[in-house]
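Peer 1: Assemble the dimeric complex from its two separately framed chains, guided by the hints.
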Amino acid sequence: MAPLTPYVDFLYFALLLYPTIPAVILGLSRRLGIWYVLLATAGMIWLQYDNPFGRTVSGPIPGAYPLPGAKVYEPIRHTLWQSLVAFQHVAPQLVYLLVYTAFELLLMLGFAALRKRSKKPLPYYIAVIAAFVPLGIVKFYPLYMHLLPHFLNGPSAAKVAQAEGLVPSSTTPGLLVPGLVDTVGFVGISYITFRAVDVLINLQDGLIERPGIGLWLSFVLFFPTISAGPIDRIRRFTSDWKQRRTRAQYIADMDAGIYRIAQGFLYKFVIAFWIWQLWLQPASRTPGLHGMLSYMYGYTFYLFFDFAGYSAFAIGVSNFFGVHTPENFHAPFLARNFKDFWNRWFITLSWWLRDHVYMRFVLNATKRKWFKNKYVTSYIGYLLTMGLMGLWHGPQANYLVYGFYQGIMLIASDFLARWNQRRNLLPDNTLTRAGSIFLTFNLVAFGMLIFSGHLFT
Amino acid sequence: MADVATEVLDILEGVAQSREVRRNMDLPLYQSGLLDSLATVTLMAAFAERFGLEISPAEFDQERWATPTKLIADIRERLAV
Numbered sequence: 001m002a003p004l005t006p007y008v009d010f011l012y013f014a015l016l017l018y019p020t021i022p023a024v025i026l027g028l029s030r031r032l033g034i035w036y037v038l039l040a041t042a043g044m045i046w047l048q049y050d051n052p053f054g055r056t057v058s059g060p061i062p063g064a065y066p067l068p069g070a071k072v073y074e075p076i077r078h079t080l081w082q083s084l085v086a087f088q089h090v091a092p093q094l095v096y097l098l099v100y101t102a103f104e105l106l107l108m109l110g111f112a113a114l115r116k117r118s119k120k121p122l123p124y125y126i127a128v129i130a131a132f133v134p135l136g137i138v139k140f141y142p143l144y145m146h147l148l149p150h151f152l153n154g155p156s157a158a159k160v161a162q163a164e165g166l167v168p169s170s171t172t173p174g175l176l177v178p179g180l181v182d183t184v185g186f187v188g189i190s191y192i193t194f195r196a197v198d199v200l201i202n203l204q205d206g207l208i209e210r211p212g213i214g215l216w217l218s219f220v221l222f223f224p225t226i227s228a229g230p231i232d233r234i235r236r237f238t239s240d241w242k243q244r245r246t247r248a249q250y251i252a253d254m255d256a257g258i259y260r261i262a263q264g265f266l267y268k269f270v271i272a273f274w275i276w277q278l279w280l281q282p283a284s285r286t287p288g289l290h291g292m293l294s295y296m297y298g299y300t301f302y303l304f305f306d307f308a309g310y311s312a313f314a315i316g317v318s319n320f321f322g323v324h325t326p327e328n329f330h331a332p333f334l335a336r337n338f339k340d341f342w343n344r345w346f347i348t349l350s351w352w353l354r355d356h357v358y359m360r361f362v363l364n365a366t367k368r369k370w371f372k373n374k375y376v377t378s379y380i381g382y383l384l385t386m387g388l389m390g391l392w393h394g395p396q397a398n399y400l401v402y403g404f405y406q407g408i409m410l411i412a413s414d415f416l417a418r419w420n421q422r423r424n425l426l427p428d429n430t431l432t433r434a435g436s437i438f439l440t441f442n443l444v445a446f447g448m449l450i451f452s453g454h455l456f457t
Numbered sequence: 458m459a460d461v462a463t464e465v466l467d468i469l470e471g472v473a474q475s476r477e478v479r480r481n482m483d484l485p486l487y488q489s490g491l492l493d494s495l496a497t498v499t500l501m502a503a504f505a506e507r508f509g510l511e512i513s514p515a516e517f518d519q520e521r522w523a524t525p526t527k528l529i530a531d532i533r534e535r536l537a538v
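Protein chains in written order, with my numbering: chain A, 1 to 457; chain B, 458 to 538.
With the rest of the complex left out, here is chain B (with noise of 0.2 Å):
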C-alpha cells in the first residue's frame, strides 16, 4: 500500500509542481494555490490513467483532496472497493 501513497505524491508533485508536496503532508492544497480545477482535473485524469479510477468532476469537493495526506486516504479509499 506504501506504493499508492508514493504514486499518488508522484503524480502530485508533476501536477502542482511543488516539492513541497513531498515535505508537508499537511499542506492545504486548494488554499495554498496549488491546486485549482483545472490541476484537480489534471489528477484525475491522472488517476484515471494509472490506476483505472473514474472519478467524476460532479463529486468534485476540495475538501476530500483538501492535504497530500488525504488525497492519498481518498484514492486508497477509492482503490479498495
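Same shape as in the complex, but just chain A (with noise of 0.2 Å):
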C-alpha cells in the first residue's frame, strides 16, 4: 500500500478529477473559497498518503526479529522494535502527517500567543527551532538508523532489518533509498517546513496577524504543492483570498493552469522520461569518463524537464483552485553568472533562503558589525544559505559537498563580477554574454552531477 505519487500515478490524476469539477463550478459562480479548498485539500491527503485502492497489495507484517542481547532489557527492545515494524503498516505517511501537522499548528499557535506579548528573539528562535525538529529527525534517519538496531538488538538484529528493508544501505544516498520516508517521514515534509516557518518569521516581524487554523492549514497543506512545492509564502497565499475573483478571471486562471497541465505532461512524461531512457540509463552504465560527462548533462536535462514538469502540475492544478502557486523556473540554462542561475533554478527555495536566511543573516552582521568588510559578510551568508540548502536537501555526502559547490561559485562568480568591473577587463558585449552563459551552464552541469550522488557511489 505505497502511497500515491502526485502527477505520477495514472490513479492520482484520475482521482484529482473528483475535487477539481466542483472547484470548477465554484469558481465560475465566484463561490470558491477557503473553505472548499480545505475540504478538497483533506480529501486529497487521504486519498494520496492512505492510498485506499492499493490496500490489496500489501504484504504480509514482518515477523518477529531474533533479538540477541542481555535478557533484563529483552521486552522493552521488543516492544520498541515491533511497535516500529508494525508502524508501517496503518498508513504510516499519513499518520506521521497527521502528528506533524497537529504539532507544527500548536506550535503556531503558542508562538503567536506568546509573540502578542512581547518581540523577544528566545521565544522566536525556539520555535523556528522546534518547527525544524520534525525534519530533522526524518532527514537523520538513515544516520541513526544505522546506529539504532545496534544499540537495540546487536549487529545481527541490524542486519535482518536492512535485509528487511526497514534499514536504507548505506551506499545509497538520498531521497531514492527505499523505506526512507516510509518509516518515519512522509512525502513533502521537507517543503511545508518551510511554509510553516514562513508563518513563524512573519509573525516576529510583524507582518501578519495570526493566521487563522483554516487558513493556516489550508496553507501549509495546500494539495497540489504538498509533495514537492513550489514553496509558497502566507502573505501571498492571504493574498489570493483578499477579494473573490470574477468569472472571468477564473476562466483566465484555468485557461492558464490547462496550459501549465499540458506543459507539465510534455516535460515530464514526454522530454523527461525519453531522457531518462534514452540517455541517462545507458550514460549510467557507460564506463570512463565519457560515459560520466554523458551522465552529467543527461542528469542536468532529466533534472529540469522532471522537476519544471512537476511544477509545471502544481502550478496548473492550483490555478483551478484559486491559488498563484508561484513560479518555479525561469529558463535556468541562460544564466549569465550563478546568482542569476539561482533567480531561475528552483526559485521558490532559493528565495526563501534568499529572505530568511542570506538577507537575515547579513542585515544582523552589518548591524552588530560583526565583520569589517560588507563582502566578507556576503560571503559567510552565501556559505551559510548553501549549506542549509544542501543539508535540506539531506545529511549525505552529495548534498553537503553540493552546497559547498553552490556557495564557493556564487562568491566566486561576485568576486570574479567586480574585478572585472573595477579593472574593466571585459567589455559587455554578444560574445562575453554567450560565453559567460556557456562557462555558467557547465558549471552548473558538475554541481548538479554532484547532486546526483553519482560521483560517490
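No wet-lab data here; the hints were simulated from the structure. Among these hints, one or two may not hold up.
Here are some of the chain A residues that sit facing chain B, going by a computed Cβ distance under 7 Å [claimed, not checked]:
#: 1; residue: Asn-202
#: 2; residue: Asp-205
#: 3; residue: Asp-355
#: 4; residue: Arg-360
#: 5; residue: Leu-363
#: 6; residue: Asn-364
#: 7; residue: Thr-366
Owing to the predicted nature of the structure, the values given are computational and were not obtained by experimental measurement. The C-beta atom is built at its ideal place from N, Cα and C for all residues, glycine as well.
Peer 2: Listed below in C-alpha cells is the structure:
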C-alpha cells in the first residue's frame, strides 16, 4: 500500500478530477472559497497518503526479529522494535502527517500568543528550531537508523533489518532510498516545513496577524503543492483570498492552468522520460570519463524537465483552486552567472533562503558589525545559505558537497564580476554574454553531477 | 520632508556607488543591476541607523524600491507611521 505519487501515478490524475469539477463550478459562480480548498485538501491528502485503492497489494507484517543480548532488557527492546515495524502497516505516512501537522499548528498558536506580549528573540528562536525538529528526525534517519538497531538488538538484528528494507543501506544516497520516508516521515515534509517556518518569521517581524486555523491548514497542506513545492509564502497565499475573483478572472486562471498541465505532461512524461530511457540509463552503464560526462549533462536536463514538469502540474492544478502558486523555474540554462542561476532555478526555495537566511544573516551582521568588510559578510552568508540548502536535501555527502560547491560558485562569480568591473577587462557584448552563459551552464551541470550522487557511488 | 529625500538619496548613492540615481529618479534600480540583495540589506541597515527604521527582510519586495522615487516614497510612508 504505497502512497500515491502526485503527478506520476495515473490513478492520482483520475482522482484529481473529483475535487476539480466542483472547484470549477464554484469558481465560475464566484463561490470558490478557502473552505473548499480545505475540504479538497483533506480528501486528497487522505487518498494520496493512505491510498485505500492500493490496499490489496500490502505485504504480510514481518515476523519477530531474533533478539540476542541481555535478557533483562528484552521485553523493552522487543516492544520498541516491534512497534517500529508494525507502524509501517497502518498508513504510516498519513499518521506522521497528522501528528506533524498538529505539532506545527500548536507551535504556531503558542508562538503567536507569546509574540503578542513581547517581541523578544528567544521564544522566536526556540519556535523556529522546534519547527525544524521533525524534519531533522526524518533527514537524519539514515544516519541514526544504522546505529539504532545495533543499540537495540546488536549487529545481527541490524543485518536482518537491512535485509527487510527497514534500514536503508549505507551505499544508496538520498531521497530515492526505499523505505526511508515510509518509515519515519511522509512525502513533502521538507517543503511544508518551510511554509510553516515562513509563518513564524512573518509573525515575529509583525508582518501578519495570526492566521486563522483554516487558512493556516490550507496554506501549509495545500494539496497540489504538498509533495514537492513550489514553496508558497503566507502573505502571498493570503493575498489570493483578499477578494473573490470574477468569472472572467477564473476562466483566465483555468486557461493558464490547462496550459501548465499540458506543459507538465510534455516535460515530465515525454521529454524527461525519454532522457531517462535513451540517455541517462545507457550513460549510467558507460564506464570512464565519457560515461561520466554524458551522465552529467543527461542528469542536468533530466532533473530540469522532471522538476519543471512537476512544478508546471502543481501550478496548473493550483490555478483551478484559486491559488496562484509562484513559479519555480525561469529558463535556468540561460543564466549568465550563479546569482542569476539562483533567480531561475528552484526559485521558491532560493528566494525563501535569500529572504529568511541570507538577508537576515547579512542584516544582523551589518548592524552588529560582526565583520569589517561587507563582501566578507556576504560571502559568509552565501556559504551559510547554500550549506543549509544542501543540508535541507539530506545529510548525505553528495548534498553537503553540492551546497558547499554552490556557495563557492556564488562567491567566485561575485568576486570575478567585481574584479572585472574595477579593471574593465571584458566588455559587455554578445560574445562575452554567450561565453558566460556557456561557462555557467557547464559549471551548473557539474554541480548537478555532484547532486546526483553519481560521483559518490 | 525634503530632507528625507536628500538623505535617502545620499545613502542610496553610497550603496549603489552611482551618481545616476540622483539624476534619473525613475532609474530601475534592480533591473539595471545597481541594487541586489546585498545592497538591499546594506540599505536596510543604513535606514535603521539613520532613521531608526526596522525593515524586515521577510517583506523584501523589489517592486517597492524599484526606482529612487519609489524608495523615497516608501521611506516617507514608513517614517509617517
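Peer 1: Now tell me if each hint is right for this structure.
Peer 2: How the hints compare with the structure:
no. : hint    : in the structure
1   : Asn-202 : holds (6 Å)
2   : Asp-205 : holds (4 Å)
3   : Asp-355 : holds (5 Å)
4   : Arg-360 : holds (5 Å)
5   : Leu-363 : holds (5 Å)
6   : Asn-364 : violated (9 Å)
7   : Thr-366 : holds (4 Å)
In this structure, the one hint that does not hold is number 6.
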